[in-house]
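2 protein chains.
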Amino acid sequence: MSLEGKQLIGNQAVLASGRAIHGINPATGETLEPGYPGGGQAEVERACELAWQAFDAYRETGPEQRASFLETIADEIEAIGDDLIVRAMAESGLPRARLEGERGRTCGQLRLFAQVVRAGEWLDVRIDPALPERQPLPRVDLRQRHIALGPVVVFGASNFPLAFSVAGGDTASALAAGCPVVVKAHSAHPGTSELVGRAIQAAVAKRDLPEGVFSLLYGSGREVGQALVADPRIKAVGFTGSRAGGTALMKTAQARPEPIPVYAEMSSINPVLLMPEALKARGAELGQGFVASLTMGAGQFCTNPGLVIAIKGPDLDAFLNAAAEAVRGAAAQTMLTPGIHDAYQSGVAGLAASDKANEVARGQQGTGPNQCQAGLFVAEAQDFLADEALQAEVFGSTSLVVACSSLDDMQQVAEHLEGQLTATLQMDDGDIDAARRLLPTLERRAGRVMVNGWPTGVEVCHAMVHGGPYPATSDARTTSVGSAAIYRFLRPVCYQNLPQALLPEALRDGNPQGVSRLVDGKREA
Amino acid sequence: MSLEGKQLIGNQAVLASGRAIHGINPATGETLEPGYPGGGQAEVERACELAWQAFDAYRETGPEQRASFLETIADEIEAIGDDLIVRAMAESGLPRARLEGERGRTCGQLRLFAQVVRAGEWLDVRIDPALPERQPLPRVDLRQRHIALGPVVVFGASNFPLAFSVAGGDTASALAAGCPVVVKAHSAHPGTSELVGRAIQAAVAKRDLPEGVFSLLYGSGREVGQALVADPRIKAVGFTGSRAGGTALMKTAQARPEPIPVYAEMSSINPVLLMPEALKARGAELGQGFVASLTMGAGQFCTNPGLVIAIKGPDLDAFLNAAAEAVRGAAAQTMLTPGIHDAYQSGVAGLAASDKANEVARGQQGTGPNQCQAGLFVAEAQDFLADEALQAEVFGSTSLVVACSSLDDMQQVAEHLEGQLTATLQMDDGDIDAARRLLPTLERRAGRVMVNGWPTGVEVCHAMVHGGPYPATSDARTTSVGSAAIYRFLRPVCYQNLPQALLPEALRDGNPQGVSRLVDGKREA
Chain A
1 MSLEGKQLIG
11 NQAVLASGRA
21 IHGINPATGE
31 TLEPGYPGGG
41 QAEVERACEL
51 AWQAFDAYRE
61 TGPEQRASFL
71 ETIADEIEAI
81 GDDLIVRAMA
91 ESGLPRARLE
101 GERGRTCGQL
111 RLFAQVVRAG
121 EWLDVRIDPA
131 LPERQPLPRV
141 DLRQRHIALG
151 PVVVFGASNF
161 PLAFSVAGGD
171 TASALAAGCP
181 VVVKAHSAHP
191 GTSELVGRAI
201 QAAVAKRDLP
211 EGVFSLLYGS
221 GREVGQALVA
231 DPRIKAVGFT
241 GSRAGGTALM
251 KTAQARPEPI
261 PVYAEMSSIN
271 PVLLMPEALK
281 ARGAELGQGF
291 VASLTMGAGQ
301 FCTNPGLVIA
311 IKGPDLDAFL
321 NAAAEAVRGA
331 AAQTMLTPGI
341 HDAYQSGVAG
351 LAASDKANEV
361 ARGQQGTGPN
371 QCQAGLFVAE
381 AQDFLADEAL
391 QAEVFGSTSL
401 VVACSSLDDM
411 QQVAEHLEGQ
421 LTATLQMDDG
431 DIDAARRLLP
441 TLERRAGRVM
451 VNGWPTGVEV
461 CHAMVHGGPY
471 PATSDARTTS
481 VGSAAIYRFL
491 RPVCYQNLPQ
501 ALLPEALRDG
511 NPQGVSRLVD
521 GKREA
Chain B
1 MSLEGKQLIG
11 NQAVLASGRA
21 IHGINPATGE
31 TLEPGYPGGG
41 QAEVERACEL
51 AWQAFDAYRE
61 TGPEQRASFL
71 ETIADEIEAI
81 GDDLIVRAMA
91 ESGLPRARLE
101 GERGRTCGQL
111 RLFAQVVRAG
121 EWLDVRIDPA
131 LPERQPLPRV
141 DLRQRHIALG
151 PVVVFGASNF
161 PLAFSVAGGD
171 TASALAAGCP
181 VVVKAHSAHP
191 GTSELVGRAI
201 QAAVAKRDLP
211 EGVFSLLYGS
221 GREVGQALVA
231 DPRIKAVGFT
241 GSRAGGTALM
251 KTAQARPEPI
261 PVYAEMSSIN
271 PVLLMPEALK
281 ARGAELGQGF
291 VASLTMGAGQ
301 FCTNPGLVIA
311 IKGPDLDAFL
321 NAAAEAVRGA
331 AAQTMLTPGI
341 HDAYQSGVAG
351 LAASDKANEV
361 ARGQQGTGPN
371 QCQAGLFVAE
381 AQDFLADEAL
391 QAEVFGSTSL
401 VVACSSLDDM
411 QQVAEHLEGQ
421 LTATLQMDDG
431 DIDAARRLLP
441 TLERRAGRVM
451 VNGWPTGVEV
461 CHAMVHGGPY
471 PATSDARTTS
481 VGSAAIYRFL
491 RPVCYQNLPQ
501 ALLPEALRDG
511 NPQGVSRLVD
521 GKREA
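Residue numbers (the working numbering), protein chains in the order written: chain A, 1 to 525; chain B, 1 to 525.
A couple of the hints might just be wrong.
As the list makes no split between identical chains, a pair holds if one copy fits it or if it spans any two.
List time: in silico DMTMM-like cross-link candidates among lysine to aspartate or glutamate, alpha-carbon distance up to 25 Å [what the hints assert, rightly or not]:
| no. | residue 1 | residue 2 |
| --- | --- | --- |
| 1 | K522 | D509 |
| 2 | K522 | E71 |
| 3 | K6 | D342 |
| 4 | K312 | D509 |
| 5 | K522 | E459 |
| 6 | K251 | E418 |
| 7 | K280 | E380 |
Worth flagging that the hints you see were computed from the coordinates, not collected in a lab.
Given these sequences and hints, build the entire structure.
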């Protein structure tokens with residue numbers, strides 16, 4: 001498939017006139033063709049207008065039509081074949097196996113949301129039947145369902161060119177909810193974005209949906225991105241990226257005449273707490289497992305373990321020795337973009353320059369451009385508590401070990417943390433009482449609490465929470481991974497005393513869609 | 001019970017030192033004793049610290065303990081007896097029957113949330129069991145529940161001194177969710193607030209809960225209110241009041257280092273659409289019913305019908321004639337406060353001065369202070385569309401009829417509206433096709449759509465939505481009335497691979513709490 005460098009707006013491909021965006025192969029520094037001239041106000045206007053026009057029809061598509069649309073997107077992405085993997089490798093520096101896995105995850109995610117749409121739990125149907133004889137006042141017939149919020153802007157993420165970009169989790173959950181989507185492509189992988197965008201365009205046509213259900217724009221975040229978030233026809237925003245980027249979108253969204261929700265997944269250092277018995281029993285093994293998680297994908301995961309909390313002593317030394325050895329053996333890996341590599345270098349330099357953090361080990365130096373050298377540092381608990389800078393995320397495979405004097409110290413460090421996506425306990429049976437004391441803190445601080453695993457690797461399922469208190473995300477009430485992500489794009493509407501002919505099908509007598517309903521507060525499965 | 005004029009902080013009653021707040025009897029202008037010296041930073045600090053200390057213990061109370069606490073609050077409020085009604089009448093000017101009904105609603109609401117807590121739907125339990133044999137990768141055990149957000153600030157509302165104040169819907173739903181609550185009393189009914197606050201204080205003690213579960217502060221919104229919203233230990237805000245007040249709280253909440261959700265129910269004019277066949281068949285009857293809804297409680301309801309949309313002609317004239325006669329016969333009623341009365345007078349004066357709105361009728365003039373004279377005005381659709389000022393809420397019993405030329409005109413007017421709590425269709429069988437075309441617009445614009453009723457009167461049940469797009473509320477994804485209001489104060493947490501002994505009880509194998517669970521995406525009732 002040849003790439004055209006155009007904006008995909010509704011069923012059209014349009015050549016814009018702004019400064020051209022080029023992918024850059026981070027492994028070679030090579031500039032990739034074609035250029036994608038950036039869009040501007042005209043493209044934003046057209047995409048938002050089409051999305052708005054499509055909204056009422058799309059949000060009322062039946063479960064089967066909407067589900068098969070999501071499945072068709074997955075089919076169309078698979079139909080691109082190896083071209084997609086080759087282009088994504090060139091634009092991201094990520095290895096083939098990782099991208100093939102990510103494609104599988106992307107298509108699996110779309111198909112999961114198709115199941116979710118069909119099951120209808122997301123409608124949250126509630127029926128309180130009329131009670132005409134009730135004293136002192138009768139009750140009228142009241143029914144509730146959820147409807148789509150409106151057109152959604154999704155920002156592609158640099159670190160998941162497939163699973164959190166054009167047809168990624170935000171897009172899949174917004175489309176599942178009944179929201180048209182306008183994607184702002186991440187400038188790091190424009191060609192990958194075009195390929196996936198054309199797959200969605202094809203699926204829209206195949207399923208006879210209004211063209212405005214999907215558009216894909218290229219341009220700068222400051223111009224096109226902000227203009228999209230400010231547009232009155234846009235009703236929600238999905239974003240995965242930096243804290244600076246996410247908070248800028250939050251500001252714009254709040255300053256609108258009608259403020260809208262922003263779901264920004266931003267910053268997390270994912271603390272790992274090594275409990276005393278586990279550390280004693282398997283310190284060296286934990287050190288190796290930890291570094292495997294730390295260096296996976298050059299550490300470019302939101303759930304990368306950037307912080308270890310443990311009590312100092314010979315058991316921690318065993319962990320540190322094993323981890324140091326693993327770090328020293330860790331090969332340099334190409335990072336996603338020159339910008340991310342620069343930010344990583346400056347983050348590590350900041351740790352190295354701090355008189356509070358001591359270097360434990362560095363990984364192998366790279367030979368090519370944009371390569372990430374792994375790093376491990378250690379700091380004392382009281383220094384960590386006194387210096388907020390030690391808590392800043394270093395995006396990449398560098399981590400900080402906080403050496404504590406006691407379990408109380410560990411708790412204090414955990415309590416001091418900002419909001420996190422994950423918190424991990426490495427523990428054995430003998431640690432269970434101590435772990436129980438820590439749990440309330442970890443629950444308050446993180447969206448996902450895990451035992452004896454590593455935070456990298458996020459299962460796409462119903463119980464997943466990829467979310468957490470600020471600044472992990474802008475909205476702790478939500479998840480951006482898993483089926484519950486659909487709830488971000490819905491709002492409840494109550495229908496009072498509507499004749500059956502006017503009621504949405506899901507709310508009619510006899511439950512024609514066969515969905516789970518709460519009737520008079522009681523669950524009818 | 002004698003009133004002391006003190007702040008209720010945890011289990012203490014504390015005399016503050018700020019400027020004293022006095023209730024004023026709006027029917028007489030009389031200043032009521034005692035004065036309530038306003039609190040300041042010291043009281044805010046103490047209440048927030050106690051709430052924070054109580055949080056972890058309170059949010060893990062079992063369903064039975066928390067439910068019986070809510071029921072005890074209702075019992076204690078009833079035990080105050082007539083003193084509560086007498087004081088609330090003096091502070092609000094509302095009649096006895098209305099306040100007795102409101103007390104019933106308040107206690108009913110608390111008992112409904114007790115049932116909700118016991119039923120456990122709010123936990124939204126999801127379990128994805130481990131799949132150790134899955135290829136290419138096994139799945140770990142993943143379980144999700146919802147936990148309380150943290151301490152919540154609730155602002156008492158002027159227009160529901162019981163049902164939306166100290167122990168009103170926001171407090172009941174936050175306590176049900178497991179959040180300690182700090183109430184900022186509305187300055188219009190300090191004595192009523194003290195009586196109810198002491199009832200909650202007594203219930204906290206009777207149920208052996210940590211004292212910080214509840215505090216009640218008096219003071220200015222600009223000082224005490226803003227300081228509470230800015231406090232880092234506060235994690236959400238419930239508010240019912242003016243648009244200016246709500247947006248000020250939203251700004252403060254967003255400007256915090258950790259932004260928090262604000263649930264502000266602010267401004268709604270609750271359009272009523274008179275469909276042609278209904279208007280033809282029963283125009284005069286509709287005019288009478290409309291004015292009964294408009295003048296109920298001096299129009300001081302969030303759901304007061306402030307806008308009527310219909311096609312002009314003899315059928316609308318019949319409606320207007322009947323409505324005008326009813327308005328002219330409407331007795332003057334005492335408004336809640338001098339400030340609300342002033343705002344009403346100025347809102348009506350604005351309509352009267354507009355060359356776009358024509359007076360149809362005015363109600364009877366009052367003889368006492370702070371009395372509200374009902375009003376009905378009419379404007380042409382094109383003038384309404386051209387002048388945003390005509391869309392401003394006039395809080396009180398004045399409404400505007402928008403005269404349209406066609407159904408398309410009606411649709412355009414509806415489409416032009418800001419977000420609303422409610423939208424009402426008055427329709428007959430012959431209107432069903434026209435109503436169906438309007439429905440998508442009404443759904444997008446309002447939280448509750450009703451047929452052949454009037455918007456005043458909000459049932460407290462499971463299917464209710466008292467919410468809607470901005471500026472009706474600050475967060476269209478929620479409701480502030482009904483059992484779903486509990487979801488405002490919860491966030492999901494995922495537990496990965498936790499041993500049974502560490503898992504929250506609701507997530508353990510065997511479902512010991514007997515709650516509805518989503519297992520592998522399938523509902524188990």
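Outcome of the hint check:
1. K522 <-> D509: Both ways: K522 and D509 sit 16 Å apart in one copy and 22 Å across, limit 25 Å.
2. K522 <-> E71: Close across copies (20 Å), not inside one copy (33 Å); limit 25 Å.
3. K6 <-> D342: neither (29 Å within a copy, 58 Å between copies)
4. K312 <-> D509: Intra 65 Å, inter 36 Å, cutoff 25 Å: neither.
5. K522 <-> E459: Result: close only across copies, 17 Å inter versus 31 Å intra.
6. K251 <-> E418: Close inside one copy (20 Å) and across copies (21 Å); limit 25 Å.
7. K280 <-> E380: Cα proximity of K280 and E380: one copy only (20 Å, versus 81 Å across).
Comparing the model with each earlier hint shows violations of hints 3 and 4; every other hint is respected.
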